[in-house]
Structures are given as C-alpha cells and as structure tokens.
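A.B. asks: Fit chain Y to the given chain Z structure using the hints.
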Amino acid sequence: MPLLARRTPTLALLIAFVLATPSVGWAKLTQEYDLKAAFLFHFAQFVDWPADALPAGNSPFTIGILGHDPFGKSLDEIVANETVQGHKLLVRRFQNVDQVDSCHILFIDPSESVRMDQILSRLKGRSILTVGETKDFALRSGVIGFVLLEKRLRLAVNLAAANAARLTISSKLLRQSQIVGPVRVQ
Amino acid sequence: MNHFQLARTAVPAGTRLRFLRRLAHGTVLIAFLFAPLRAFAETEHAVSPPEALKRLSLEELFDLEVTSVSKKSEPVSKTAAAVHVVTADDIHRMGVLTIPEALRYIPGVEVARVDSRSYAITARGFNGTVANKLLVLMDGRSVYTPLYSGVFWDVQDAFIEDIEQIEVIRGPGATVWGANAVNGVINIISKSAASTQGFLVAGGAGDVERGFGGVRYGGALGSQAFFRVYAKDYDRGPSQFANGQEVGDASRMYQGGFRADWTPTTADGITVQGDLYRSSIDRRKSDPTDMTGGNALARWTKRFSEASHLQLQGYFDRTKRDVPSTFAEALQTYDLSLNHRFAAAARHDVVWGLGFRLTDDDVSTSPVLGILPPHLTHRLYTGFIQDEIALTADRFYVTIGSKIEHNDYTDFEYQPSVHVAWTPTPQQTIWGAVSRAVRAPSRIDRDFFAPAQPPYFLVGNPDFDSEVLNAFELGYKSHPMAELTTSVSTFYNVYEKLRSLETGPPYFLSNGLDGRTYGVEAEAACQVTGRWRLSAGYTFLRLILDVDPSSTDTGTQRQEDDSPRHQAFGRSSLTLPHDLSLDAGVRFVDELPHQKISSTTVCDARLGWQPSKAVEVEVVGQGLFDPRHPEFGTPASRREIERSFYGKATCRF
Chain Z
0 MPLLARRTPT LALLIAFVLA TPSVGWAKLT QEYDLKAAFL FHFAQFVDWP
50 ADALPAGNSP FTIGILGHDP FGKSLDEIVA NETVQGHKLL VRRFQNVDQV
100 DSCHILFIDP SESVRMDQIL SRLKGRSILT VGETKDFALR SGVIGFVLLE
150 KRLRLAVNLA AANAARLTIS SKLLRQSQIV GPVRVQ
Chain Y
0 MNHFQLARTA VPAGTRLRFL RRLAHGTVLI AFLFAPLRAF AETEHAVSPP
50 EALKRLSLEE LFDLEVTSVS KKSEPVSKTA AAVHVVTADD IHRMGVLTIP
100 EALRYIPGVE VARVDSRSYA ITARGFNGTV ANKLLVLMDG RSVYTPLYSG
150 VFWDVQDAFI EDIEQIEVIR GPGATVWGAN AVNGVINIIS KSAASTQGFL
200 VAGGAGDVER GFGGVRYGGA LGSQAFFRVY AKDYDRGPSQ FANGQEVGDA
250 SRMYQGGFRA DWTPTTADGI TVQGDLYRSS IDRRKSDPTD MTGGNALARW
300 TKRFSEASHL QLQGYFDRTK RDVPSTFAEA LQTYDLSLNH RFAAAARHDV
350 VWGLGFRLTD DDVSTSPVLG ILPPHLTHRL YTGFIQDEIA LTADRFYVTI
400 GSKIEHNDYT DFEYQPSVHV AWTPTPQQTI WGAVSRAVRA PSRIDRDFFA
450 PAQPPYFLVG NPDFDSEVLN AFELGYKSHP MAELTTSVST FYNVYEKLRS
500 LETGPPYFLS NGLDGRTYGV EAEAACQVTG RWRLSAGYTF LRLILDVDPS
550 STDTGTQRQE DDSPRHQAFG RSSLTLPHDL SLDAGVRFVD ELPHQKISST
600 TVCDARLGWQ PSKAVEVEVV GQGLFDPRHP EFGTPASRRE IERSFYGKAT
650 CRF
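Residue numbers (numbering that gives the first Met the number 0), protein chains in the order written: chain Z, 0 to 185; chain Y, 0 to 652.
Excised from the complex, chain Z in its bound form (with noise of 0.2 Å):
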C-alpha cells in the first residue's frame, strides 16, 4: 500500500497527540441495580393493568420487592414524587410471599430462587408483573426476567404468564426482548 505508507507520519503524528494527552480515569458507568430500578420503573408506564387491578382511589401504586432487597436506595430515589395514571409510586418490601397484598410489580430476589416455583405458583392468577433475574425466571413462568448480554441489560418475556396475568406490554418493551415460554396470538 504504497499510499499509506507515505501518510503514516501523519497517523503517527496524530497517534503521538492522543497519546500525549493526559488521562483522566474516568467513564460513565451503570450500576447494575440502578439500571434495574430504572427499568422497574419504566415498566409501570409500558405495561398495561386490568382496570379492576389497578389501585383504588388514592391509594397508591406499589413496587414490591420480595426477598433480599438489592437495590439500596436507588429504587426510592427513582420512584420519589413520580405517579403512574394519577397514583403515586410506592416502594414495598417484603420478606414473604404471603405478605404480598396489594401489588402491581414485584420484584423476586434470586436470595428466594429455593422458593421460585412455590412463589410463582402462589401469585398465579393476580395481575401483578413479576420480575426476577434467576435463571430461566421467564421460563419458569415469571413475567419478566432481567438477562444480561453484552453487558447490556435486555429482558426475557413470558407473554403467556403476561396474559395469564391480564397484563399487556407494550411493543415497546417487546421490541427489545426476548419472548420465551408458550406463545399465544394475543
């Protein structure tokens, strides 16, 4: 390449001046549960809630997080002074399945991952969006399960266990994830 060799001292030169530039260590990174959070709360506004499952009146709209809670404070944060449809946004946690009342998403821990089935099991036919990051969590039947790929976050998606569950997500969502499970033509 007999042109590019008469125009490598300019590249050299412009490598030396990159080179010479001090560096400053430094690069906009994403914790991996602030990122979740963000999600968690983006998924209020792409997922659709059956009417008779959304909150009633005043009261607000929950969050829960069912087990070890991973996210510190950053689901707080992210959830503070925020509404979905006119009702405020509520973090919830909880140490037991049987404690979940009144919930729109909840979160699963992998600290529950012995319990998954029996969890699962026991919020099956009530509208609430179940999000875990276990293995194959979609594919046991849990709505929406965290995957990380590329280092980027992308979701597994059970629209059976969705529409068993009376939601609908938004193509939004569905455009970047990944469907699992049985597929039924909404």
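It should be emphasised that the hints constitute simulated quantities derived from the structure, not laboratory data.
These numbers were taken from a predicted model, which means no experiment stands behind them.
Just so you know, even glycine gets a beta-carbon here, dropped at the ideal spot from N, CA and C.
Relax, there's no trap hidden among the hints.
Sample of chain Y residues at the chain Z side, in silico, Cβ under 7 Å:
1. Leu52
2. Lys53
3. Leu57
4. Leu60
5. Phe61
Okay, derived cross-link-like pairs now, DSS-like style, lysine-lysine, Cα gap no bigger than 27 Å in a straight line:
6. Lys87(Z) with Lys72(Z)
7. Lys171(Z) with Lys612(Y)
8. Lys87(Z) with Lys123(Z)
9. Lys72(Z) with Lys134(Z)
10. Lys301(Y) with Lys134(Z)
11. Lys171(Z) with Lys123(Z)
C.D. replies: Just chain Y, lined up with the frame of chain Z:
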C-alpha cells in the same frame, strides 16, 4: 445504536459489533478544532445517578452498559460518527414501502430515483445506475452482483414491517466485509421470528403505487422455536418523461419467505430463513423484463462466554434477470463463513473469520452486447483478523486488522485498517480511521463486448485491475443531553486505478483514473418533547478525478458531476392527540450540472391514525412540492419522479 440488535443479527455478529464500536471510538484531528474538550476531560465523572437514569428513554436504557458483570469497564456505547441506523420506527414513520426510499434521509448517502423501479444509490460519491462502491447485505447475505459490482435495487425487497433496522456505515468496511465495501456498507436486518408473532395484514393503493399488499403470520414451535411466513406483492405504475408522457415501464412483483429461530440452549442460536420472488417490468415495443430469484440461509451462533462467540453461516442465492433480446443473466452464489470472537488478554478483544464464496453465472448474449465467456465460475477465499486493544480502559482504543482475499481475477488483495477512538467525556467520542479497500473487477470490467461480434464499439479489458481506495476519516460524536445527539464525520479518500473509458475504436475500459474525494457529513436528532422529534442532516462532497497521462478518458467531468455537492434534510415526527401522527421531511439536493438537473427541494409527508394497537391507517405523499422532478439521468432519456400519494391500512391480530 443498539448493539444488542447488532450483536444478535446478520453477518459476523460479533465482528460487526466490534467494528461499529471501533468506528465509534477513533482518532483525532478534530481534537485540534475542539481543543476546549481538554477542559471536559478534567471533570471526574462517576456513575450516572439513579434519578438521571429514569429520564432516559427505553432505547437509551437498553443501550447502557452495566459495570458489575465485567470488570473491564467501557464507556456508554455511542453511535459512531459514520454510522446511521434507520430503525423500524423510522421506516414506519416515513411511511415508505421500499428499501431505497428508506435510505433517503441519511447524511452522506445519495439516493436518486431513476425511474419507477431503478435507483442510483451510493455513499460518498461516484453515483450511477450501476454504482459500484457500496456493499449491501440482507441478514448477512450479500446482494451485490459480480456482474457490475453493484446492486440491482429493483429486486431487493422485504416485508417492510419485519425489518428491524437498516445500518448504514459510510466509509470503507473492507477489513471486516471484504472487497467492494469501498465507500460504505448497508446492512438490512430483519426482526427475529419471536418478535413477529401473530398475523399482520397490510395493503393499500395510490396513483403511482397502484396496489400493494402483504400478509405475515408468526407462530411458535414449542417454547424455544419461533417462525414466520410472509407473502407480498405490488403493482406499480409507469414513470413519465419530462413532458408527462408515460414511459411504459409499469412493474409488478410477488415475493414470499420465511424465517425460523431456535434457541435450543441459552448459549446456542440457530436461524434458518429464505425468500422467493418473481417480478416483471413492462417495456415499450418489447417483451417485459423478467426477474426471478430465491435464497436460503442458515446460521448457528454459539456463545461460550461474555466475550467469546462463534458463528457459522451458509447461504445459497439464485437470481435470474432476462431482458429479452438484450441480455439475460442467471447467477448462483454459495457462501460459507465462520467468525470467532475472543478475549486474547485483558486488553485484547480479537475477532477473526474465514469465508468461501462460489459464484456461478450464465450470461446470454444478444447481437447488442456480449459477456465472454458466457459461463464463469468464480471462487473467493477470505480471511480476516482484527484486534481491539484497550490502551487506556474506557477512554482510548486502537483497533488494527486486515482482510486478505483471494479472487480469480486479481489473486490476493489485502485490506487493512487502523481505527483509533478516544472518549474524552462520557458525552463525546472522537474517532479516526485509516483504511485501505479495493473494488475487485466485475464481469463488465473484464469480459464485456458491444456489439457481441466484431467490429466492436466498446470492450472490457482482460487486464482490468482492482480499484484501490486509501481512506482517512475523522469524526466527532456528542450526546450533550439525553434528548440530543449530534455527529460530524469528515473524510479524505484517495482513489487509484479507477475505471476509465479509453477512446477507440474500439472504446475500452482501463484503470486510467485517479481521484480524490473529501467531504463533511453532519447530523443532529432532538427529542424536543415526548411527542415531537426533529432531525436534520447536511452533506458536503467534493469529487476530483485526474486522468493518468497514459489515459484518453474524457468523461471525468461527467463523473464528477454525477454526485451533488451539497445535500441537506430536515425531518419532523409529531405524535398528535386523537391517535394521530404527522411526519414530514424536506430534502435539498444540489444540482447535477452535467445532467442538467437543477437543485431540487423535495417534500414527503405522512399522516397516520392508529385508533388501537391492532389497526393503523396512513396516507403518504411523496414529492409534494412539484408535479414531477428529475433525480438522475441525461435530459434526452430521463424519467421524472411524479408527485404521488398512497393510502395504507395495517392490521395486526
């Protein structure tokens, strides 16, 4: 840029991902222009706070990188300066029915409609009806023809609602994609079968688009496998001469296809897909041009770990084009490729690949023109390796690589590149690249004879060599706030051994031209409010050709004039109350002096009404400002593009 989509689809999945990232990172010159950036670099940025995250759109959230998985932290991915992605939403909001029309609002790309069916499309200059410096792939399958190193756009169709995105990479991509990825690469990527479940029925009609319709059905085969099948057709009216007289080139096309995706384990993915089409274009006083084609592709992707993937892909493609009493070509392509990505050490991210392609063509000649020999089998062997080296974690990457190919015309070709990326702040990336790319000879360059018997008027050249590009690129991309993205790309391309037409008799093709192009492409997109999106772009291009002392070519002025010097566009997408949406685009294309086409401003608009998720009705108008306007061709023979309208209804269930 959605790297997830990039990663899981089409060609060297990992490869392309790497390559785009590399483009996103890069060199430098602009650093001199943007010296104040150094000030930004002093600012310590930690992690984006949770409250900032909730303001981001879904797309942006999906695009964020998570730190906790891999300790190798990387900057938030950004669209590289020379990459433009047309999303499914863009295609929908433009209301376009064809792939070429979806490429209209992209800086650096020239799209000129020649008549109702043909387009002249290129990036960064050298446009023509047989433009030959752009590589086009559909789901990893090359649709470039070795007949003239270009693309027959009139048979590249897809079920438009099932296109996930169209990635347009300006500048050479030869290190990864190989010969003919000279001025740019276009990747048309379809949605996975899992995301196209259920019925979709769409159809409509208009004055030029006399009727079009299609049906797609997607279903599941168990819990891990999904499929879809589709069929579509259209009937398009003829184009017109400048005086309004009809050309008689009405056309129709029928196409069907399928795609199936199977994920037997979380680490394996298998895709099988295929299409079949038949099309014809009327001709005055002659039998219609008849085109048929089909393809089948299978791809297996194996994921060993976060940083290690293997992909094996094979496809078969057959096309046939019969222009009665002029020329007929049947082409069969068999292609096999393997790509592997792995982390060689903490700082090295390596991709390598091997490929083999066999093309087998049969060209029927007529008294008018001949391609000799009429039957030719060509073998292309390729290999490439590319290493992305993180010199400073998160901030400074250098990527070096090369493709080595062997083709039957010119033996070995090497196509190396160096990319440098520097991310001084999370909101901006400066990149640069130096690359070499070649355009290998085509059948026309080597084997062309007109007429088919001596005395010849024009002949190809058995010694025709590859055209060579050495490209120098610099770009700057910034994302100053969640709602605004901007990018500027510049390039200086030096071409050697470009095709010349040597004066006869007979006239013959040779490599008698050298050339330089330089240009600037700028674009900005702004989400003004949740319901209103604006975007704008500008392209400057200068093309200078030099005739070798030994050459007698006299057509350089014409070629220089075939690409507009300035192009600009603005687009607005507005979501209105009552389930309405309104989109409008205005584009300016500078004059093409040799063709005596003056500068034009063209307006396209779309009004949509979507009363429910299942139903949408749209009305689209194209070329609204003038009753008709020319886009390409010399005055004597050229067709003009009429102002046209069509309505479309889409139903999903």
